[in-house]
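S.K.: Given next are the chains, with one letter for each unit.
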Amino acid sequence: MARSGKIRAFNKWREPILTKSEPARKSKGCRVFNLGTVDFAEASQLQSELIELRIAGKIPDVILFLQHSPVITIGASGGEQNIVVPQSILESKGISVVHTDRGGDITYHGPGQLVGYQILDLKIRGRDVHQYVHNLEEVVIRTLGDYSINAHRDPDYPGIWVGQEKICAMGIRVVHWITKHGFALNVNNDLTPFSYIKPCGITDRGVTSINQLLRREPKIGDVTNSIIRHFSVVFGMKVYEATVL
Amino acid sequence: MATELMMPKLGTKIIEVTIIEWKKKEGESVEKGESICVIKTMKVAFEVEAPESGILAKIMAKEGDTVPVGGVLAYILQPGEELVSIPKSRIKKREAKRRRGSERPYAAKCCSKSENK
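Protein chains in written order, with this note's numbering: chain A, 1 to 245; chain S, 1001 to 1117.
Hints are not guaranteed to be accurate.
With a straight-line cut-off of 30 Å between C-alpha atoms, the simulated DSSO-like cross-links for lysine-lysine are [as the list claims (entries may be wrong)]:
no.: 1; chain 1: A; residue 1: K93; chain 2: A; residue 2: K123
no.: 2; chain 1: S; residue 1: K1058; chain 2: S; residue 2: K1023
no.: 3; chain 1: S; residue 1: K1013; chain 2: S; residue 2: K1062
no.: 4; chain 1: A; residue 1: K123; chain 2: A; residue 2: K219
no.: 5; chain 1: S; residue 1: K1009; chain 2: S; residue 2: K1024
no.: 6; chain 1: S; residue 1: K1062; chain 2: A; residue 2: K123
no.: 7; chain 1: S; residue 1: K1009; chain 2: A; residue 2: K93
no.: 8; chain 1: S; residue 1: K1025; chain 2: A; residue 2: K93
no.: 9; chain 1: S; residue 1: K1024; chain 2: A; residue 2: K219
no.: 10; chain 1: A; residue 1: K219; chain 2: A; residue 2: K93
no.: 11; chain 1: S; residue 1: K1058; chain 2: A; residue 2: K198
no.: 12; chain 1: S; residue 1: K1024; chain 2: S; residue 2: K1062
no.: 13; chain 1: S; residue 1: K1024; chain 2: A; residue 2: K58
no.: 14; chain 1: S; residue 1: K1058; chain 2: A; residue 2: K123
no.: 15; chain 1: S; residue 1: K1058; chain 2: A; residue 2: K58
no.: 16; chain 1: S; residue 1: K1013; chain 2: S; residue 2: K1058
no.: 17; chain 1: A; residue 1: K58; chain 2: S; residue 2: K1009
no.: 18; chain 1: S; residue 1: K1058; chain 2: S; residue 2: K1024
no.: 19; chain 1: A; residue 1: K219; chain 2: A; residue 2: K198
no.: 20; chain 1: A; residue 1: K198; chain 2: S; residue 2: K1013
no.: 21; chain 1: A; residue 1: K123; chain 2: S; residue 2: K1009
no.: 22; chain 1: S; residue 1: K1062; chain 2: S; residue 2: K1009
no.: 23; chain 1: A; residue 1: K123; chain 2: S; residue 2: K1013
no.: 24; chain 1: S; residue 1: K1009; chain 2: S; residue 2: K1025
no.: 25; chain 1: A; residue 1: K58; chain 2: S; residue 2: K1062
no.: 26; chain 1: S; residue 1: K1013; chain 2: A; residue 2: K238
no.: 27; chain 1: S; residue 1: K1062; chain 2: S; residue 2: K1025
no.: 28; chain 1: S; residue 1: K1023; chain 2: S; residue 2: K1013
no.: 29; chain 1: A; residue 1: K198; chain 2: A; residue 2: K93
no.: 30; chain 1: S; residue 1: K1025; chain 2: A; residue 2: K123
no.: 31; chain 1: S; residue 1: K1024; chain 2: A; residue 2: K238
no.: 32; chain 1: A; residue 1: K198; chain 2: S; residue 2: K1032
no.: 33; chain 1: S; residue 1: K1013; chain 2: S; residue 2: K1032
no.: 34; chain 1: S; residue 1: K1024; chain 2: S; residue 2: K1013
no.: 35; chain 1: A; residue 1: K198; chain 2: A; residue 2: K123
Just so you know, these hints were derived from the structure itself, not from any lab.
Whole structure, please, built from the sequences with the hints as guidance.
M.R.: Here is the structure:
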């Protein structure tokens, strides 16, 4: 599998910086990396490596922003029974199916959907998993507010909703109180592939995107900046865009 | 001394959590800090760590079960040790205690005298 240029740059920087850096566990700063389009398996591998480094206290908190090549992912509490089309259709569309260790059920990722993965230490944030999810949801809701989209939580269904349609999916894993995975916000991605699955096992509701609601093309970069800004406020920490750890 | 693996407190609003996977079987040895069980709440899968090294002696709640925070998930024994008796109402008692407001500190280790003969 060819590694993307940005990941390669990321790895190139990682080694020399790590050997020099002091343990950064209590650091309040958070590094943000824009990785562009990354294969799901590659991004999972990168997250696992970052988590080990974070557990060892060698790196500060990290947020990765990226987009995935088309993929259906099945979480820890999901199953393939929620795929409603034959395998041949998925193959013809170039969509792979991957089992992953995040929480939640089934979802789709593809180009135009902004994925944010957070590697945050909850030990320095009160060890509260629900509070973390709540804050993450708040970041997405405020970001959508910047686009005059009135999004909300739903007590019965996780994720972020606009009316009866889901705009942002969430799935998280916590390892040694370090978070992995995060959210996937539909910005201007093709929503058709969601019809190949029962997203999160829910059948009576739809999906939407910022593009569909605004009827104009929002820029992924603008949405990313908006998220970073709200992240900094909601989580009360400095967030730096970075090219090195 | 037998160590209880308890359902961890994941947050102030979480009172019970569902087990989705045991990564270890009864009789297998575990290392302190090793994740031995995966639990879920809402959209979060959480890895529960072993509080002590030892042998996973008795699993008290199977995959799919929902256990209150502070409830016993399993017992971890030291080599050579045997689990003699497990109070049947262990989980319920603990829950009652919690309701009365005697909160236990997070991940406190606890050994009942009746188990150490």
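S.K.: Work down the list of hints and note, for each, if the structure agrees.
M.R.: Now the hints, each set against the structure:
1. A:K93 to A:K123: Between K93 of chain A and K123 of chain A the Cα gap is close to 42 Å, so the pair fails against 30 Å, i.e. violated.
2. S:K1058 to S:K1023: 14 Å, holds
3. S:K1013 to S:K1062: Distance ~23 Å between K1013 of chain S and K1062 of chain S Cα, so the pair holds.
4. A:K123 to A:K219: 35 Å, violated
5. S:K1009 to S:K1024: 21 Å, holds
6. S:K1062 to A:K123: 28 Å, holds
7. S:K1009 to A:K93: Violated. K1009 of chain S to K93 of chain A sits at ~43 Å, over the 30 Å cutoff.
8. S:K1025 to A:K93: 41 Å, violated
9. S:K1024 to A:K219: The hint is violated at about 46 Å.
10. A:K219 to A:K93: 25 Å, holds
11. S:K1058 to A:K198: Cα-Cα ~38 Å, so violated.
12. S:K1024 to S:K1062: Status holds; Cα separation ~12 Å.
13. S:K1024 to A:K58: With Cα atoms ~29 Å apart, K1024 of chain S and K58 of chain A stay inside 30 Å; holds.
14. S:K1058 to A:K123: 29 Å, holds
15. S:K1058 to A:K58: Violated, at roughly 36 Å.
16. S:K1013 to S:K1058: 29 Å, holds
17. A:K58 to S:K1009: 26 Å, holds
18. S:K1058 to S:K1024: Holds - the C-alpha atoms of K1024 of chain S and K1058 of chain S are around 11 Å apart, at most 30 Å.
19. A:K219 to A:K198: Holds, at about 28 Å.
20. A:K198 to S:K1013: Within the cut-off at roughly 29 Å; holds.
21. A:K123 to S:K1009: Distance of about 12 Å is within 30 Å: holds.
22. S:K1062 to S:K1009: Given that 30 Å is the threshold and the Cα spacing comes to 19 Å, the pair holds.
23. A:K123 to S:K1013: Since the Cα atoms of K123 of chain A and K1013 of chain S sit roughly 17 Å apart, the hinted pair holds (cutoff 30 Å).
24. S:K1009 to S:K1025: Roughly 23 Å between the alpha carbons, so the hint for K1009 of chain S and K1025 of chain S holds.
25. A:K58 to S:K1062: 36 Å, violated
26. S:K1013 to A:K238: Judged against 30 Å, a Cα distance of about 27 Å means the pair holds.
27. S:K1062 to S:K1025: With Cα atoms ~11 Å apart, K1062 of chain S and K1025 of chain S stay inside 30 Å; holds.
28. S:K1023 to S:K1013: Given that 30 Å is the threshold and the Cα spacing comes to 26 Å, the pair holds.
29. A:K198 to A:K93: With Cα atoms ~17 Å apart, K198 of chain A and K93 of chain A stay inside 30 Å; holds.
30. S:K1025 to A:K123: Cα-Cα ~28 Å, so holds.
31. S:K1024 to A:K238: Measuring from Cα to Cα gives roughly 39 Å; hence the hint is violated.
32. A:K198 to S:K1032: 39 Å, violated
33. S:K1013 to S:K1032: 27 Å, holds
34. S:K1024 to S:K1013: Holds, because 28 Å separates the two Cα atoms, which is no more than 30 Å.
35. A:K198 to A:K123: 35 Å, violated
Hints 1, 4, 7, 8, 9, 11, 15, 25, 31, 32, 35 from the earlier list are contradicted by this structure; the remaining hints agree with it.
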